[in-house]
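Engineer: Given next are the chains, with one letter for each unit.
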Amino acid sequence: MTRLSRRTALFTAAAATVAATLRVRPARAQAAGPYSLPPLPYGFDANEPHIDAQTMMIHHDRHHAAYVANLNAAVKDYPQLAAMSPDALVARLADIPEQVRTAIRNNGGGHVNHSMFWQIMGGKGGAPAGALADAINRDFGGFEALKTQFNRTGAGVFGSGWVFVTVTREGKLALAPRPNQDTPLMDGGRVLFGNDVWEHAYYLKYQNRRPDYLAAWWNVLDWTKVAARYDQAKAGTLTI
Amino acid sequence: MAFELPSLPYSHTALAERGMCQETLELHHGKHHQAYVTALNGFVEKNATLQGKSLEEIVKLAHGDASLAGVFNNAGQHWNHILFWQNMSPTGGGIPGKLEAKIVADFGSVAAFKDAFKAAATTQFGSGWAWLVQGSDGKLKCTKTPNGSNPLATGEGKALLGCDVWEHSYYLDFRNRRPDYVQNWLDKLANYEYALSQLG
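For the protein sequence lines, the chains are A and B, in the order given.
By our numbering, the letter at position 204 of the first sequence is numbered 204, and the numbering carries on one by one without gaps.
By our numbering, the letter at position 95 of the second sequence is numbered 95, and the numbering carries on one by one without gaps.
Simulated from the structure, these hints should not be mistaken for lab results.
Just so you know, even glycine gets a beta-carbon here, dropped at the ideal spot from N, CA and C.
Be aware that a few hints might be false.
Per the computed footprint, the stretches of chain A lying under chain B, defined by three or more beta-carbons under 8 Å from a beta-carbon of chain B, are [to be verified]:
1. 74-81
2. 156-166
3. 196-204
Under the rule of at most 27 Å between Cα atoms (straight-line distance), these lysine-lysine pairs were calculated in the BS3-like manner [stated by the list, open to error]:
4. B/Lys139 / B/Lys60
5. A/Lys147 / B/Lys118
6. B/Lys53 / B/Lys31
7. B/Lys60 / B/Lys98
8. B/Lys188 / B/Lys141
9. B/Lys139 / B/Lys98
10. A/Lys76 / B/Lys118
11. B/Lys46 / A/Lys205
Derived CB-CB ranges, DEER-like [what the hints assert, rightly or not]:
12. B/Asp106 / A/Ala235: 32 to 42 Å
13. A/Ala145 / B/Gly64: 43 to 53 Å
14. B/Gly200 / A/Pro97: 14 to 24 Å
15. A/Thr102 / B/Lys31: 25 to 35 Å
16. A/Ala174 / B/Ala69: 28 to 38 Å
17. A/Ala129 / B/Thr122: 21 to 31 Å
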């Protein structure tokens, strides 16, 4: 078998397995707890060909779902934590009981990061406009310069992590790489948008070629959504 | 002298029937490990204090030094992968009697050892490694390290087995199911003969 046909066969078999297990998904998603997996706001194939449907399905239905389930498990015996929003949890890690602090850091971070991530994709790429484009020109020297710096920063994250663009209440933008599921929310910051550079985000399609994934990812950004987040940041209403 | 990618001690297809497919091995060895070697050589070329040092010396010297983080990551990953290839075998999974006796003495049972190893592997959040080490007290224990770190750097003991839990190790074969990968690795891939040969 050629490599391509071998992988196609592998994926077809795996897709069938995933499809078969989809029927049991509601039971898993209803795991007890205050936090829930937000539905993907578009089809699994909406980001094709840049991000394949199988990656989207596993990423959302398995990886993100696991963070939600583990977050619910972490707060189970802490009603005062269970009453908090996920962004409030990760913003106040120092106040979290030590026994569950790491679990909340990892899984709360995973929950807020992925909830943001699904929101800003599903688009057709292109370029930002208006006040956001002005801010990008001011803070990065242009959209092309932002992409270059963002991609370089993402490629430089060693191991699993994220590359974010943060935004202040004044609308000032900056790059912020983070390891694992950490987020600038943990340091009092706000995230305008970000890209997941865990290998699970790209390995089925790009394998070891993370720079190719980073370059292609801009084609699925929804700039309308990012611009709305920019407005929320300046209004003080942006959360995750 | 520049560091070099070691050859695999078996063919790229040798582990396919035991849960690690040809493509995983080709990418993991030929791309990922090669990239660590290339990056490490690049660092050494630019830094006279690293030149002439062994891989072990570089790992220890760079550990905990933020200014040498890139050196540590790539030297650590080179060291880890050299061990990893030797830690697997097309006839893996069988535990020699002498090692089994030591495992039973230190963990209580083979099942308890595997549970401890799996716990280390599955609680390593994000990329990293799970290890079976022999501590300075002579006892076996299971540990974990993030990203490119290892027991040589942390001083937790002599590494007998190291299982790579970066997603690139298992994503083509197991997708998100790291626990299944680790269970399979312990049952069908791990080269316990090699582990025994390293036992002090």
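Engineer: Work down the list of hints and note, for each, if the structure agrees.
Structural biologist: Hint by hint, here is what the structure shows:
1. 74-81: Our answer is that it is violated, as 0 residues pass the Cβ test (under 8 Å) against chain B, missing three.
2. 156-166: Check passed, 4 qualifying residues.
3. 196-204: Since 5 is at least three, the answer is holds.
4. B/Lys139 / B/Lys60: holds (23 Å)
5. A/Lys147 / B/Lys118: violated (40 Å)
6. B/Lys53 / B/Lys31: holds (25 Å)
7. B/Lys60 / B/Lys98: violated (31 Å)
8. B/Lys188 / B/Lys141: Holds. B/Lys188 to B/Lys141 sits at ~21 Å (cutoff 27 Å).
9. B/Lys139 / B/Lys98: The given pair, whose Cα atoms are some 14 Å apart, holds under the 27 Å limit.
10. A/Lys76 / B/Lys118: holds (24 Å)
11. B/Lys46 / A/Lys205: With a Cα-Cα distance of about 34 Å, the restraint between B/Lys46 and A/Lys205 is violated, given a limit of 27 Å.
12. B/Asp106 / A/Ala235: 32 to 42 Å: Violated, at about 60 Å.
13. A/Ala145 / B/Gly64: 43 to 53 Å: violated (35 Å)
14. B/Gly200 / A/Pro97: 14 to 24 Å: violated (41 Å)
15. A/Thr102 / B/Lys31: 25 to 35 Å: At 32 Å between Cβs, range holds.
16. A/Ala174 / B/Ala69: 28 to 38 Å: violated (21 Å)
17. A/Ala129 / B/Thr122: 21 to 31 Å: Violated, since A/Ala129 and B/Thr122 (Cβ atoms, about 45 Å apart) do not stay within the stated range.
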